[in-house]
Amino acid sequence: MIQIKLPEEEIAGVPLRNHMLLAAGILGTTGASLKRMLNLGAGGVVTKSIGPKAIPGHHGPALIPVDGGLINAMGLPNPSKDFVEEIAPLKGEPVVVSIFGGTPEEFGTVASWFPDAAAFELNLSCPHAEGYGASIGVNPRVVRECTEIVKTYNKPVWVKLTPNVTDIKIIGKAAEEGGADAIVAVNTVKAMRISTELRRPVLGNVFGGLSGKAIFPIAVRSVYDLYDAVDIPIIGCGGISSADNVLEMMMAGASAVEIGSAIYDSVNVFSEIAADLYSEDGIPAEEIVGCAHV
Amino acid sequence: MIQIKLPEEEIAGVPLRNHMLLAAGILGTTGASLKRMLNLGAGGVVTKSIGPKAIPGHHGPALIPVDGGLINAMGLPNPSKDFVEEIAPLKGEPVVVSIFGGTPEEFGTVASWFPDAAAFELNLSCPHAEGYGASIGVNPRVVRECTEIVKTYNKPVWVKLTPNVTDIKIIGKAAEEGGADAIVAVNTVKAMRISTELRRPVLGNVFGGLSGKAIFPIAVRSVYDLYDAVDIPIIGCGGISSADNVLEMMMAGASAVEIGSAIYDSVNVFSEIAADLYSEDGIPAEEIVGCAHV
Amino acid sequence: MSEMPEIVTITTVVNETPTVKTFVFDKLFAFRPGQFCMVWIPGVDEIPMAFSAANSITVMKVGDATEALFSLKAGDKLGIRGPFGNGFSPSGKVLAIGGGIGVTPLFTLAASGEVDTFILGARTREELVFADDLAKVSDLKIATDDGTFGFHGFVTGILDQIDVVSYDTICVCGPEMMMKGILDRLVAKGIESRGQFSMHRYMKCAVGVCGSCCMDEHGLRVCKDGPVFTGDLIKTGEFAHYHRGPSGRKE
Amino acid sequence: MSEMPEIVTITTVVNETPTVKTFVFDKLFAFRPGQFCMVWIPGVDEIPMAFSAANSITVMKVGDATEALFSLKAGDKLGIRGPFGNGFSPSGKVLAIGGGIGVTPLFTLAASGEVDTFILGARTREELVFADDLAKVSDLKIATDDGTFGFHGFVTGILDQIDVVSYDTICVCGPEMMMKGILDRLVAKGIESRGQFSMHRYMKCAVGVCGSCCMDEHGLRVCKDGPVFTGDLIKTGEFAHYHRGPSGRKE
Ligand SMILES: Cc1cc2nc3c(=O)[nH]c(=O)nc-3n(C[C@H](O)[C@H](O)[C@H](O)COP(=O)(O)OP(=O)(O)OC[C@H]3O[C@@H](n4cnc5c(N)ncnc54)[C@H](O)[C@@H]3O)c2cc1C
Ligand SMILES: Cc1cc2nc3c(=O)[nH]c(=O)nc-3n(C[C@H](O)[C@H](O)[C@H](O)COP(=O)(O)OP(=O)(O)OC[C@H]3O[C@@H](n4cnc5c(N)ncnc54)[C@H](O)[C@@H]3O)c2cc1C
Ligand SMILES: Cc1cc2nc3c(=O)[nH]c(=O)nc-3n(C[C@H](O)[C@H](O)[C@H](O)COP(=O)(O)O)c2cc1C
Ligand SMILES: Cc1cc2nc3c(=O)[nH]c(=O)nc-3n(C[C@H](O)[C@H](O)[C@H](O)COP(=O)(O)O)c2cc1C
Ligand code: FES
Ligand code: FES
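Chains as they are written, first to last, in the working numbering: chain Y, 1 to 294; chain S, 1 to 294; chain G, 1 to 251; chain R, 1 to 251.
If we strip away everything but chain Y, and leave its shape as in the complex, we get:
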């Protein structure tokens, strides 16, 4: 396996310590857990998605491990504006604040609370929150407007996309037109399971999103597609669990990656992957980004 060098410059406007960020919604509700993940080797962290008002989330079961992945329907639980205080101690660290809203204006409101964010990630992709996330993120015009409004806060704006669309390239381009600094691909894939013994859906919310290894080939494909469609950096996300997976995402076109579900197997996944991925004699990551496009 080839090895790469640590990043020497900012990626998509953020000074990442390595190419791997903690994905949104994974251990991202408290400042302390985000700090812990940085200490455990994450090159940057994305917070839980923060919205215009505090939400307790869906009733449980909210997350269930299934073959090859996790299905979850957390329902975007978040402390809303209280989160400003949560991450105040992390000022200066590579903390990307994930935000969501039901309208472009709500995105703007939430963004206005976080003058210290290293960047914003717009959650236009959560598949199990009515009126939020993917339910608005499938509309190119809305995606562009949300991006534009958050862009007015003068920070890098990353737009996170759902794979649950007919053509992800169209949504990616809309984000680019809105001024996005990067595309994050992808959020979870719409999914559900049923308990045959209870004859009812196992998630409290009935349906949710699939993440983890099962979706890796879907995520690679999304990144590969987007790389042909947009000129801004792409952050690959979905099912990454090894250094080879990181390289594969880069070769598909990702400048960096986010890792979520792999935490299920090991909270040390970042340092474990880094041990395999990096070497002082490694090649610059830029050399392999998109190199699989033939």
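No lab work stands behind these hints, which were simulated from the structure alone. As the structure is a computational prediction, the values presented were derived from the model and not from experiment. Hints are not guaranteed to be accurate.
Claimed, not checked - Here are the simulated BS3-like cross-link-like pairs (lysine-lysine), alpha carbons at most 30 Å apart as the crow flies:
| # | chain 1 | residue 1 | chain 2 | residue 2 |
| --- | --- | --- | --- | --- |
| 1 | Y | LYS81 | G | LYS235 |
| 2 | G | LYS180 | Y | LYS35 |
| 3 | S | LYS35 | S | LYS81 |
| 4 | S | LYS5 | G | LYS77 |
| 5 | R | LYS27 | Y | LYS5 |
| 6 | S | LYS169 | Y | LYS169 |
To be verified - Derived, one-sided and incomplete: chain S residues facing chain Y with beta-carbon distance under 8 Å:
| # | residue |
| --- | --- |
| 7 | MET1 |
| 8 | GLY68 |
| 9 | ILE71 |
| 10 | VAL165 |
| 11 | ALA214 |
| 12 | PRO217 |
| 13 | LEU247 |
| 14 | MET251 |
| 15 | ALA292 |
Even for Gly, the Cβ is constructed at its ideal location relative to N, Cα and C.
Chain Y is fixed; fit chains S, G and R with the ligands onto it per the hints.
Chains S, G and R with the ligands in isolation, oriented as in the chain Y frame:
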């Protein structure tokens, strides 16, 4: 685990021997292999998709086992009209002929060749064949027209959908409006993998479709969604590999199922599942179809 | 590997006290004392519960989900995920201190013969849980807030009467203020790392992914890194000051 | 479990004959003689090849993919999936009959000391593959169509000279018409089930899923149920009559 009874009536117009069909494109290119699968316990078989002209398919690699599934980009290889002779010996057996075309007219042409088909399954969903399959199956109007034209051949018409759309319900409804007798959900999920050592996509066609266990939660979700949207029977497909999976699909809303990739692990999968699934004292399947809708 | 909930059927419901019931089910789970499961009450919610035996949970009615659970009877079904978490790891001479429904995980520890002295506390006599069984397997000392049984006052009152330093492990579970009183005493004697405290935080995934149960200041996950923590890990931070509710807001 | 192609680097290319080369690579595959792999020639295609050793394939140039393979040299990379299929299962006294490039899987059988008598056929002397090595490990008899070496004629000519019934297993690989000649003789003697024939059909998945390699009349998959079949399984059906091309059309 509960057990069910064998079907006592036709399902979606086809006299199936049990609730499990061999999925399209799996051992479906020759009459003899289809016959073998019936002998090995399939309740019915769907043929390889047959199109207006013979196609050799994409260059290899055309199918690669990955974590939790298979990715394939066969490229719809098919012998076209020669297939009529292939399945002539199967007259009277529960053989569903899968057909495809680039236009509604082409669907009609192909359908006209098979007066002995037990039913037609319209492949409006293959994700890796330009101008065919999903590339036309994402358009509700085209789906309706293809269904209408094939319906004129006076046989049950099953319409197979792609999960790679923003809203599968819309496509399902279009098929229903066109007169479909059943919806088959789902075909493979757009996906790809890259060989990091060779720095190139592993499939000859670059991208393909993911099938197998990895997509089961995605398929269950699609069937559950469709059950709320259409009144015609749904045939569940995607990642089924156990009797419990069959029950889960039925509870989501499937009247029968199709099984493909599980053949990778065992060519006897139909009889193995049947041994667990059926019992003379079992309950009628109709009692559980859709029962998980709460 | 899939970890879909295991569906169990309730075989017996035991009324322990007016507000506590034990639900015995038809499947066994191999757990270590202090480990917990997520109990899915169909149509209602999924909540964390310690195992009170390999095939039972013992539940105090405190809100919606536990109330719904209380309405279930033999023959009804639950989903169980788990066991989760680390459990207690006692060594040497062991003191257990349980308050209220917090007695549950300590009861299984005592039942496996690992507790020398047990201090059990409750608000009032009729709310004492497992007292009879505990008396058989340990040196049991009881405190009730209202003095209706045993020592009149809190468990810390009993603790002050015994030589806590003579114990190698002090396992604790109960209301956070009670645990705080105990931790303070251990800290005062410089033996807080002998204390093993079973924490309670809002849990959603129970598998260390969602972050709902994380505690300040180390960001440790109660579901996965805990629920049992040694005193040194919790003496600074949020313990006894605040916790987070389902939205992540501090409460 | 993922079965992505294993990427190997070619270390040596051996010119066996003007149209046959052996490609030795840097990784070992544990295979049984008769098993095959899928060889991915990047940017070109993926084609089935028998292993000619744990770390090599021996290839005859017949079309696009093999031509592209012939242009590769030491240091170039290939993807290898496999081993696939059943391989030979010889017992007792073993006769091997190989024609043309069909010698490859039988060569590995002989190299592992499992062949007593080997009949090797080729069009002409310079197209004989592995003859020297085979002579060391078996009683080797050679036939060339043009008589430039050994028996003048087909391998069946030699077969007619020996007491085939004295062999318990007859392993065969080569052009289908050659195999047909052999099968006919075994059928005539009523010993077709002693014959193990390695079949060649168009392969796409190699894992028994796509159906491309299925044979009439039983619908058996050459890639998974084969490639080695006993004579009784193939004596009726398409064998020596037709096969299917990449589209599934009969050819
Ligand atoms: C590791 C662990 C072991 C536990 N063991 C037991 C036990 O053996 N017996 C027992 O009776 N109780 C136990 N509990 C507490 C039990 O989980 C709560 O009493 C229960 O969740 C209350 O749910 P409710 O809907 O009835 O209450 P609600 O009305 O929802 O809330 C009442 C209080 O219960 C708590 N709570 C509610 N939902 C959750 C949740 N998902 N996760 C954590 N806390 C929650 C909160 O503190 C809340 O303020 C344990 C908790 C944890 C974390
Ligand atoms: C189990 C098995 C073992 C084999 N072992 C060897 C070996 O050790 N050495 C060797 O030289 N050859 C071997 N072959 C044959 C080899 O696969 C073909 O010669 C090769 O695929 C030709 O590819 P091409 O593109 O050069 O030829 P093309 O120009 O594509 O076609 C020439 C002929 O090659 C065959 N062919 C092409 N593609 C395939 C395919 N995907 N699967 C099967 N046949 C195909 C067809 O019969 C075709 O008519 C084996 C075949 C099988 C099935
Ligand atoms: C428990 C959980 C919570 C999540 N919450 C969020 C969220 O709040 N916002 C968001 O954009 N994505 C959220 N996601 C999606 C992840 O960030 C990520 O896109 C997805 O899980 C795929 O990556 P993975 O396979 O590495 O987990 C969540 C995923 C999980 C499993
Ligand atoms: C090798 C292969 C070939 C396929 N060919 C077709 C096809 O020709 N027509 C079609 O409608 N679906 C085709 N499919 C899709 C399957 O019929 C099925 O929808 C999909 O594989 C999901 O089911 P599974 O997970 O049980 O395999 C093919 C799938 C595979 C793996
Ligand atoms: S409950 Fe999700 S991390 Fe602990
Ligand atoms: S090559 Fe696909 S079944 Fe044999």
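### Query
Has the given pair, LYS35 of chain S with LYS81 of chain S, been kept, meaning a C-alpha gap of at most 30 Å?
holds (19 Å)
#### Entry: Satisfaction of the ALA292 of chain S interface hint, Cβ to chain Y closer than 8 Å
holds (5 Å)
### Query
Are LYS169 of chain S and LYS169 of chain Y close enough, with their CA atoms no more than 30 Å apart?
Given pair LYS169 of chain S, LYS169 of chain Y holds - Cα atoms ~22 Å apart, limit 30 Å.
### Message
Holds or violated: the hint that ILE71 of chain S contacts chain Y, with Cβ atoms closer than 8 Å.
### Response
Holds, about 6 Å.
### Query
Does LYS5 of chain S pair with LYS77 of chain G here, judged by a C-alpha cut-off of 30 Å?
holds (25 Å)
#### Entry: LYS180 of chain G paired with LYS35 of chain Y [C-alpha distance capped at 30 Å]
holds (25 Å)
### Task
Mind checking the CB of ALA214 of chain S against every CB in chain Y and telling me if the closest is under 8 Å?
holds (4 Å)
### Task
Identify whether the interface hint at VAL165 of chain S stands, where standing means a beta carbon of chain Y within less than 8 Å of its own.
holds (5 Å)
### Query
With 8 Å as the cut and Cβ atoms as the points, is MET1 of chain S at the interface with chain Y?
Interface hint status for MET1 of chain S: holds (7 Å vs cutoff 8 Å).
### Message
Need the status of pair LYS27 of chain R, LYS5 of chain Y: alpha-carbon distance at most 30 Å?
### Response
holds (28 Å)
#### Entry: PRO217 of chain S as chain Y interface residue, shortest Cβ-Cβ below 8 Å
holds (4 Å)
### Task
Hold the hint about MET251 of chain S up to the distance rule: shortest CB distance to chain Y must be less than 8 Å.
holds (5 Å)
Violated hints: none; the structure is consistent with every hint.
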